[in-house]
Every structure is written in structure tokens, then in C-alpha cells.
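J.: Starting from the given sequences, assemble the full structure and let the hints guide the process.
Just so you know, the working numbering puts 25 at position 25 of the sequence shown, and the rest follows in order with no gaps.
Bear in mind the hints are in silico, worked out from the structure with no lab data behind them. Please note: incorrect hints may appear among the correct ones.
[Unchecked claim] Ranges between beta-carbon positions, derived for each pair:
1. R48 <-> P25: 31 to 37 Å
2. I21 <-> A49: 17 to 23 Å
3. R7 <-> D28: 27 to 33 Å
4. R48 <-> I27: 25 to 31 Å
5. I12 <-> D32: 19 to 25 Å
6. I27 <-> I53: 17 to 23 Å
7. M11 <-> V36: 21 to 27 Å
8. D46 <-> P25: 27 to 33 Å
9. R7 <-> R38: 29 to 35 Å
10. H13 <-> R48: 14 to 20 Å
11. R48 <-> E26: 28 to 34 Å
12. V35 <-> R7: 27 to 33 Å
Even glycine gets a Cβ: it sits at the ideal position worked out from N, Cα and C.
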Amino acid sequence: ATLQLERSPYMIHVTASEVSITAEPEIDVELDGDVVERTPVVFTVDPRAVQVIVPA
Numbered sequence: 001a002t003l004q005l006e007r008s009p010y011m012i013h014v015t016a017s018e019v020s021i022t023a024e025p026e027i028d029v030e031l032d033g034d035v036v037e038r039t040p041v042v043f044t045v046d047p048r049a050v051q052v053i054v055p056a
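T.: Here you go:
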């Protein structure tokens, strides 16, 4: 299933140890369905720990 998502025209696949997300106007940031923050937000990831897939 993962490979199919990576080929989707609606997804962008990148590898990063840090991701910064901004939006205008600010929007809620949800993790597991819970609002945890508002943009802008920075996520730092241990590259050995998790693979994250988000819609483009």
C-alpha cells in the first residue's frame, strides 16, 4: 500500500529530519485526531523511528 501512495499524483514524497509547516491563515495541527498546535509548527524526526505520509 505504501508504494501505491508514493506514486499517487496527490502525494509528494520527501525524506527529511525536520519539517516546517506554515499556513495563511493559521490552521489547527492535528495528531491522531487531536488538535495539538496551530501553524506555524516545526517537527523534528529521528529518521530511524517513523515514516510519515501526508496528503499533498
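J.: Compare the structure with the hints numbered earlier in the document and write down the numbers of the violated ones, lowest to highest.
T.: none
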